[in-house]
Amino acid sequence: MASRIDVSIEHKHAPPDPSGSKKHPNTCPKCSSHYREDELISNLRVCAQCGYHFPVGALERIQQLLDSDSFIEEAKELRSADPLSFFDLRSYKERIAEAELKTGLGDALLMGQAKIEDQDCQLTVMDFSFMGGSMGSVVGEKFARACERAIERNVPLVSVNASGGARMQEGIFSLMQVPKTVCAVENMHDARVPFINVLTHPTTAGLLASFATLGDVTIAEPGTLMCFTGPRVVQQTVREDLPDDFGRAEANYRFGHLDAIVQRQELRAVLGKLLRLFNHGR
Amino acid sequence: MAGELELRLRDRLAKLRGLHLPGSSVSDEVRRIEQQIEVMETGDERSEDEIWNSVELARHPERPYTLDYIERLISDWFELHGDRARMDDPAIVSGLGSFAGRTVAVIGHQKGRGDAVKRVKRNFGMANPEGYRKAMRVMAIADRHGFPVITLVDTPGAYPGVAAEQHGQGGALAASQATMARLLVPTVACVIGEGGSGGAVAFALADRVLMQQHAIYSVISPEGCATILWRDAGQARKAAAAFKPDAAHCLELGVIDGIIPEPEGGAHTDFDAAAIMLGQSVRSALEELGQVDAGELRRRRRARFRSIGVVSS
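One line per chain: the protein sequences are A and B, in this order. Our numbering puts the first residue of the first sequence at 729, with every later residue one more than the last. Our numbering puts the first residue of the second sequence at 210, with every later residue one more than the last.
No lab work stands behind these hints: they were computed from the structure. Computed from a predicted structure; not experimentally measured. Beta carbons: idealized from backbone N, C-alpha and C, even for Gly. Accuracy of the hints is not assured; some may be wrong.
What the simulated footprint calls covered on chain B by chain A, stretch by stretch (three residues with Cβ under 8 Å from a Cβ of chain A suffice, anywhere in the stretch; the number is not a length) [what the hints assert, rightly or not]: (1) 259-268; (2) 371-380; (3) 403-412; (4) 431-444; (5) 468-481.
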């Protein structure tokens, strides 16, 4: 329920296949192959049959990408306040508590020091299952701190994104995380700290209008929905059928908004290569 | 809620006052917090009706738009068209003119007034990426030649269209903010009607962010919020009261720097008076900003946005 609610700056982007057909989460929505949990984990949550990329939580993503035991989490004590005392069908505080219990995370973004193929970097990883990866004050603050830490440590920032957009329960404060993170990125650009953006399904709305499009290099996993406005709202506006791959990484690549689409199995190696390239130039 | 927030602000104020760093960004911050506390002390909570009244006035079909203010405040106006790549977006107006005795760049969303054809021509003030790229081009000109930038924000949001997405709407909004974060000239943003989400914030990363008394500034429209959170667009009034898009609340929350008064009954009742009030506020903001060294101005601008947000630990 919660993940259906807070996912956009302007409109709603539901996660793939919301309630409709109640498929098991380990059943591939594309080809219906079914996997045991351990099979999926060992295949990086990619369907062995058709290549569909299942969603990956932040902690598992860290396992997949980083040198083992290299992650040192920072700013993990930060929690959302409830500046507007927001109450819709339930209180915001209750929703946060529920998301925290469900995911074991403090908010939708983890940040800290990391190593990928022996290259030092600062890392942020988002988790879509925490209130749709929505960006409230905590996500904005942690991302901004990640930029500052990357400058201090003089290491590149790698940002792995998954977000439906703004966290509406924080009202205008959630919108203000957009210019806030833009400013943090600009400071990082000025300090010539490399910034590599990885977009995973979905990265939309407020994220796309802020740091997720401002990297030196921007790559995406196959099938990632990366649009500012979601397909349903666009369809309601234009009242015609949308292209099949509307807003997807493949379309964005064609239109020139992405440097590469990278299969999950290749992601660690690609990040390692990019970090080496940027580090050797410095 | 106000109680808790007020205590936190007073605490912060006390700390900042103890710093005694003349000429640094601390003085800006102190003034902003003092204003915030003042609003809290005097302004009792605005009712649902009052907030909704602002929502209606902000979208009033007869409300003055960007070109109405330009006509009244800017002399020797010369409009600049086109993004030099694809097209000219009529939902955004940009150009050069003279204001308070010096050349400025003005950029704003433009809605059409009157019949459907006129409103459609301006796309209801909803810009495409090309519009934001035109704006960035004009910002670059202003930066190169030292012209202050005035932005007038009045949009329901960036246009949700197929081509808009294909041409990089999200990236254009981010790039527009990044451009504003880099400028070495003074910038003043005024929300003059609807400050709708990403489309608005693209022009609002400024040294001073002002709102007209009955303008709104929000992450989503009241109807959109109601549809998502209450599953019923009819709950828009309730939604607006919950997320507080009106100017008084935005000032109280520390998101904007000041409120520009409007004539009794709203800006649409007297365009000339509304323009005079807007012009006075912008002029005094530019005068203050003119005292500050360019690099310092940019540093403060970024630090100010960097500080917005409420977290606990």
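These are the hints, each one checked on the structure:
1. 259-268: Three-residue rule not met by the region 259-268 of chain B, so violated; n is 0.
2. 371-380: Coverage by chain A holds for the region 371-380 of chain B (9 residues, Cβ < 8 Å).
3. 403-412: holds (count 5)
4. 431-444: With 6 residues closer than 8 Å to chain A, the region 431-444 of chain B meets the three-residue bar; holds.
5. 468-481: Result for this restraint: violated, n = 0.
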